[in-house]
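Engineer: Below are the chains, spelled out letter by letter.
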Amino acid sequence: MVELQLNAQRGSFHLQINCTLSAPWTVIFGPSGAGKSTLLRLIAGLEIPDSGRIVLDGKVITDTRGRVQLLPGPLSSQRGVGLVAQQPALFPHQTVSANVAYGLAHLAQLDQQTRRQRVTAMLELVGAAQLANRSPRALSGGEAQRVSLARALAPMPSLLLLDEPLSALDAGARDQILTRLQTWLADQKIQTILVTHDAADALATEAEVALLQEGTLAALGPASHVLAAERIRLLTRLRAR
Amino acid sequence: MDWQALLLTLKLATITTAILLLLAIPLAAWLALTTSRLRAPIQALTSLPLVLPPTVLGFYLLVLLGPLTPIGRIIASLLGHPLAFSFAGLVVGSVIYSLPFAVQPIVAGFSAIDSSLTDAARLLGASPLRLARTILVPLAARSILAAAILSFLHTLGEFGVVLMLGGDIPGSTRTLSIVLFNQVEGFDYTAANRTAAMLLIFCVVALIAVYARPQTLFGGTNASPAATGDRNG
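Top line first, the protein sequences correspond to chains A and B.
Count the first sequence with the numbering used here and you get residues 583 to 823, in order.
Count the second sequence with the numbering used here and you get residues 2 to 234, in order.
Calculated from the structure, these hints are not laboratory results.
Everything numeric in this text was worked out from a predicted model, so none of it was measured.
From the three backbone atoms N, C-alpha and C, an ideal C-beta is built for every residue, glycine too.
Keep in mind that a hint or two might mislead.
Computed footprint of chain B on chain A; a stretch qualifies when at least three of its residues, placed anywhere within it, have a C-beta under 8 angstroms from a C-beta of chain B [unchecked claim]:
1) 654-663
2) 666-673
3) 681-689
4) 733-740
FRET-style restraints, in silico, Cβ to Cβ [unchecked claim]:
5) R134(B) with R649(A): 24 to 34 angstroms
6) V57(B) with N589(A): 42 to 52 angstroms
7) R821(A) with L130(B): 58 to 68 angstroms
8) V637(A) with I72(B): 48 to 58 angstroms
9) P171(B) with A687(A): 48 to 58 angstroms
10) Q691(A) with L69(B): 53 to 63 angstroms
11) Q699(A) with R134(B): 23 to 33 angstroms
12) Q795(A) with R38(B): 28 to 38 angstroms
Given these sequences and hints, build the entire structure.
Structural biologist: Here it is, written out as structure tokens:
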């Protein structure tokens, strides 16, 4: 469960969020410029809010009044939040396997064999096992996004943030991976927040939907309720075709 | 040819370059990544030797490291002799004088690395040390190599700081540029020509090495289009 009380001014843009996200899978939906990516960066600890507090499963990870700002990372002393951005940002001088293993190096409880098994399992989960020894330079955009997803999953964070992580894949491949991913994340009890500006993506999942507009939360609830207007708009467009 | 001065000059440039790389890499990483208000004054301070006349720098170091200051007295009691007019003093002076030539290319190299890569490493729990060791240094290897070559060449040719701080002691502080100065002062233009040509050849060869270095050493500074997802597929 994530409790958010955030205020952040970025130029003329003001983000103000007060909510609790408790569903295992939440979709943050909103138009470009609504503040979705800023919100994820604040939760991940890559940015600090002007004021506010973030509590993850009872652990305060940001509190501007108490001067708490846990560092990003998967360790218990860190935030325990993973983020997959739209840009895969793979380390170009390391192989795909080394990229996926990067976040496991700090986890002292894992021996070498367990790490290797974890890397293989994560690559298989995202359908990228055949890419293990490749260089990121040799990957297509879609392949790079799959590897980036596997890299964020490998340390098994408490909270996974997905910022349009599979945008370079076609709809069929994206749905296939998301379905497999949802099952795996539910099994591992990893709470997930997915950002999208595509109403069809938001409606495709049986998730809680947070509607973000101009930096504020306009609605929070089941997709069928929050996105009723978007659903009608999509259906009208389909019928017109 | 004064082989003793040549060897001393090469030894000074090698030791100075090694020390500079050890200092410049962490300093440049901090300058490239920090949002601290101290960044601007620290960067200005490290750049000061670029604009300060070498004789001014040499004079202040001579005073600071001499027996009249507490620092100078402490160093003299530890080493058994004052730093001024010694090879160790020359190393200290050279490190300070060449600091911007080491720091600035490395800062530029680190700053050119896509911030999404450093963000990704931080999100995966990398400490600042691991971030520098596994991401910054390999991706900025070309800039670090350039910094090493520039620092070496700059030390090779320094004159003002060396003369002010070290004087002209054969085998201890007499470098090639001091030898050249002495040869010109003694109207021995044939010998001066040989010494100057030696320094010129060193510099030209090393600069060719900087500009002709492999463009893909460790993959350059930025992620490829595929690694950042610019290609579809």
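Engineer: Now look at each hint and say whether the structure bears it out.
Structural biologist: Here's how the hints hold up against the structure:
1. 654-663: holds (count 6)
2. 666-673: holds (count 7)
3. 681-689: holds (count 4)
4. 733-740: holds (count 3)
5. R134(B) with R649(A): 24 to 34 angstroms: For R649(A) against R134(B), whose Cβ atoms are near 29 angstroms apart, the range 24 to 34 angstroms holds.
6. V57(B) with N589(A): 42 to 52 angstroms: The hint (42 to 52 angstroms, Cβ to Cβ) holds, given that V57(B) and N589(A) are roughly 50 angstroms apart.
7. R821(A) with L130(B): 58 to 68 angstroms: holds, 59 angstroms
8. V637(A) with I72(B): 48 to 58 angstroms: Since the Cβ atoms of V637(A) and I72(B) sit about 51 angstroms apart, the hinted range of 48 to 58 angstroms holds.
9. P171(B) with A687(A): 48 to 58 angstroms: With Cβ atoms ~53 angstroms apart, the hint holds.
10. Q691(A) with L69(B): 53 to 63 angstroms: With Cβ atoms ~59 angstroms apart, the hint holds.
11. Q699(A) with R134(B): 23 to 33 angstroms: holds, 26 angstroms
12. Q795(A) with R38(B): 28 to 38 angstroms: holds, 36 angstroms
The earlier numbered hints are all upheld by this structure, with none contradicted.
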